[in-house]
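Undergrad: The chain contents come next:
There are 2 protein chains.
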Amino acid sequence: MDHKQTGSFIFIDRLTNVTSGAGLIKDKAESRNVVWHETNVSKEERIAIKGHRPCILWFTGLSGAGKSTIAGAVESYLNQNGVHTYVLDGDNVRHGLNKDLGFSKTDREENIRRIGEVAKLFLDAGVIVLTSFISPFRRDRDNVRNIVNDDEFIEIFVDTPLNVCEKRDPKGLYKRARAGEIKEFTGVDSPYEEPLNPEIHLETKDLSVDEAVEKVIEHLKNAGIINF
Amino acid sequence: MDHKQTGSFIFIDRLTNVTSGAGLIKDKAESRNVVWHETNVSKEERIAIKGHRPCILWFTGLSGAGKSTIAGAVESYLNQNGVHTYVLDGDNVRHGLNKDLGFSKTDREENIRRIGEVAKLFLDAGVIVLTSFISPFRRDRDNVRNIVNDDEFIEIFVDTPLNVCEKRDPKGLYKRARAGEIKEFTGVDSPYEEPLNPEIHLETKDLSVDEAVEKVIEHLKNAGIINF
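Respectively, the protein sequence lines represent chains A and B.
Going letter by letter, the first sequence gives residues 38 to 265 in the working numbering.
Going letter by letter, the second sequence gives residues 38 to 265 in the working numbering.
Be aware that a few hints might be false.
Since the list gives no way to pick out one identical chain from another, each pair is judged satisfied if it fits inside one copy or across any two copies.
[To be verified] Derived pair list, reagent style BS3-like, types lysine-lysine, alpha-carbon separation capped at 30 Å: (1) K258 x K87; (2) K208 x K80; (3) K80 x K252; (4) K157 x K80; (5) K220 x K204; (6) K252 x K204; (7) K142 x K157; (8) K252 x K87.
Honestly, the hints are just simulated from the structure, not real lab data.
Computed from a predicted model, the values in this text were never measured in an experiment.
Can you build the whole structure from these sequences, using the hints too?
TA: Listed below in structure tokens is the structure:
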């Protein structure tokens, strides 16, 4: 391995050559023009390499609305077309990063805040990140929107009527909420604040999963995020 | 867009067709053999697509030891060879995900815990993630090691003597710590627990940045993580 052959490693001083004030980081600050610092990969470079722009596809809706199903289908489609994606959902977040959080108002807010910050890191890494959380409060969603660029946050309202979600009740949560075993359950004794102006509105009573995927993909094409 | 042409979307029931107990998620559970659920991208599939295995390169060492410099150089080299990488460091973590944390013992522990969990998410997404934090406590580093597979956590000890780091003092932090303005500063009034058995030991007094990069790359080759 000869870095010089690649023309990209021209900083060859030994790390410990500098033993006083000059220091490593001062060197770093002073050497902004040194190639291998400049080649640290920027978001723009990742876009050029990957052939697609990164974004956050933020799925929101009631429990049982179909968020994870649609997000999974969108991810499959994107992957089959070479897009680097990642889904953040309860399975990989609640038992890991956010395992210290409960379901109090403060903790639910912190849950969404952290998810937003992690989504931002994936965005910075060039990934199209899909998040699948009820995220019932407008302010929490808007807080995430506000930490990224305007065109990087795509709010997808998975709009399934409460009575449909409750009839499905895939995890039996509505039943438990109605029985008082779960407190502050969204749609039962805690509000769901519908997005006022989501980038994508999926009214699932009129859409198959395929059609929902198609609607998301069309949006991504029109927004210049993908080009296939 | 015709999903059927790709042979990958065969779940075509309308989301809301099922209006009682059967339910969406029950459908999901029952349809494990449905192609587009199976094609949700696994870590193994990402490895096949990307041509490299993901891992966590966990840089640890004193403030001013050269962690970020070496991590940045390793990232550049990997990227120039088509590897998808991402660096987690103070710049993108402390002001975002972990902005609620201070520097108490509990908060520093939580800081490292969250970084480990986020690194694990990037690992799951197929990325080689490089982390650059002092991470002075053995237990905190081992906790991260223990949430991933044995061969996915590569601890890199950036071993620069305290007196060298303190002479560099790139951010003036040692000076402030000696003056008592910063409490519990690693190396001054808080211990740095050296890794007992790091996967890679970089004694920076004997290594240029280039040589340090080379040592890391050789390890990745020998471990079968990259093959160039």
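Undergrad: State for each hint whether it applies.
TA: Cross-check of the supplied hints:
| no. | hint | in the structure |
| --- | --- | --- |
| 1 | K258 x K87 | both (15 Å within a copy, 24 Å between copies) |
| 2 | K208 x K80 | between (39 Å within a copy, 26 Å between copies) |
| 3 | K80 x K252 | both (26 Å within a copy, 27 Å between copies) |
| 4 | K157 x K80 | both (12 Å within a copy, 21 Å between copies) |
| 5 | K220 x K204 | within (19 Å within a copy, 57 Å between copies) |
| 6 | K252 x K204 | within (26 Å within a copy, 59 Å between copies) |
| 7 | K142 x K157 | both (23 Å within a copy, 27 Å between copies) |
| 8 | K252 x K87 | both (23 Å within a copy, 28 Å between copies) |
Consistency with the previously given hints is maintained throughout, with no hint failing.
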